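Here is what each chain is made of, one letter per residue.
Protein chains: 2
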Amino acid sequence: MLVWLLHYRGGIDYDSYDGYRVFNVHPFLMFCGFIFLSGEAMMVYKTVKAEHFVQKVAHMILQLGAFVLGVVGICAVFKFHDMQSIEDVYSLHSWIGIATISLFALQVKQKTQKIPWVVGLFTFMFTQTQTTRATLLPWHICGGRTLLYMSIAAALTGLMEKATFMQLSHSREARLLNFLGLSILLFGIFVDLSVALARYV
Amino acid sequence: MLVWLLHYRGGIDYDSYDGYRVFNVHPFLMFCGFIFLSGEAMMVYKTVKAEHFVQKVAHMILQLGAFVLGVVGICAVFKFHDMQSIEDVYSLHSWIGIATISLFALQVKQKTQKIPWVVGLFTFMFTQTQTTRATLLPWHICGGRTLLYMSIAAALTGLMEKATFMQLSHSREARLLNFLGLSILLFGIFVDLSVALARYV
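Chains R and X, in that order, give the protein sequences.
Using the working numbering, the first residue of the first sequence is number 2, and each one after it goes up by one.
Using the working numbering, the first residue of the second sequence is number 2, and each one after it goes up by one.
Hints listed in this document are in silico derivations from the structure and should not be mistaken for laboratory results.
Hints should not be assumed to be uniformly reliable.
All copies of an identical chain are treated as equivalent in the list; a pair is satisfied when it fits inside any one copy or across any two copies.
[Unchecked claim] In silico DMTMM-like pairs for lysine to aspartate or glutamate, Cα to Cα no more than 20 Å straight-line:
no.	residue 1	residue 2
1	K50	D89
2	K57	D83
3	K80	D16
4	K57	E88
5	K163	E88
6	K163	D89
7	K57	D19
8	K50	E162
9	K50	D19
10	K47	E88
11	K80	E41
12	K50	D83
A quick note: this is a predicted structure, and the numbers were derived from the prediction, not measured.
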């Protein structure tokens, strides 16, 4: 992605006067920030060898980081549309993306009982009994996986939109973009598999 | 999808002299054939109230139908490219789609011991002991879910490519396409959730 954005697309700069360099913040933060961090957060219970509480805190911090970077990434594309007077939110990519980040914000529904200092931050959270927590856990896990695949779908439609818009066909850049898309898809698949199959190990 | 293809895009006809009507076979068969049938096949163990053997046969027949319709759908787009002298397989959509259908063909790795009459059909299958079967089952299930999301990703990138290519922006057709994309995504999510959460019911 960095080769694509820095070598082919002129760099990444949120404060630039060049709209396209502002735009480049968007794919960079949405993948390297949002998708990558939330994927890592999903795997934390298997990758961080520590107490369950520490894992939960790491999970939450990573998800929070993912969300913040995701929001900045979305701001970048709105700024770009503003600079270039392009209409907002008309494509399938934008619809899927906005649905994903909105549902992502709603996923913050657990982990409140043991980490009271977050309650102030997310006032819409509610405290839960042990039973409610156990009932909600499978929904939280499946919901998380769904959101992972939604974010992957958003990323791929975004790359597809960009590639079609630039009318790349058999150029080197087109092939780089396709491999980037496949890598993002594989990242999502491997996160899913390592979380899902870990149950059986 | 039918409103889009029949009302806005001039109809569906594999044998037409009009390339675009040949092309329309592709989205129709890939969704209404491939994705829809394989989604139904994944849910068969919950939706068909019958013996396990009958469920397995139904699962297999539906997957087989999905595969055949998928292959015909792919042939349609190659025929269209041929008629219009367009290059094949350059976009991310095509890469994801071909990866999906190829891996889908490889997924046919179980269900051979009890249904001997299929062995002749799929000569690359191998018989398995009960233990191997139990070990492979979670991989088959996770692999199936992965393929479901890959096919959804392929469908969405396809719609995105078509919409960007036609330069639809805020037209009625664009909105129809976006809702079609969201519906396909929701279909995938609900198939996943109904298979995954059924374990806890």
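Going down the list of hints, with the structure as the test:
Taking identical chains as interchangeable, the C-alpha atoms of K50 and D89 are never at most 20 Å apart, the minima being 44 Å within one chain and 48 Å between chains. For a Cα distance limit of 20 Å, the shortest separation of K57 from D83 qualifies neither inside one copy, at 39 Å, nor across copies, at 55 Å. In this assembly of identical chains, K80 and D16 lie within 20 Å of each other by CA distance solely inside one copy; the values are 10 Å within and 47 Å between copies. Taking the shortest Cα distances, K57 and E88 never come within 20 Å of each other, neither inside one copy (40 Å) nor across copies (50 Å).
Taking the shortest alpha-carbon separations for K163 and E88, both the intra-copy value of 15 Å and the inter-copy value of 19 Å come in at or below 20 Å. When the C-alpha separation of K163 and D89 is checked against a cutoff of 20 Å, the pair qualifies both within a copy, at 15 Å, and between copies, at 19 Å. Neither within a single protomer nor between protomers do K57 and D19 lie at most 20 Å apart by alpha-carbon distance, with minima of 41 Å and 58 Å respectively. In this homomeric assembly, K50 and E162 never come within 20 Å of each other (Cα to Cα): the closest approach is 40 Å inside a single copy and 43 Å across copies.
Taking the shortest alpha-carbon separations for K50 and D19, neither the intra-copy value of 45 Å nor the inter-copy value of 61 Å comes in at or below 20 Å. Neither within a single protomer nor between protomers do K47 and E88 lie at most 20 Å apart by alpha-carbon distance, with minima of 43 Å and 44 Å respectively. Neither within a single protomer nor between protomers do K80 and E41 lie at most 20 Å apart by alpha-carbon distance, with minima of 28 Å and 42 Å respectively. Proximity of K50 and D83 under a CA criterion of 20 Å is satisfied in neither setting, with 46 Å inside one chain copy and 55 Å between copies.
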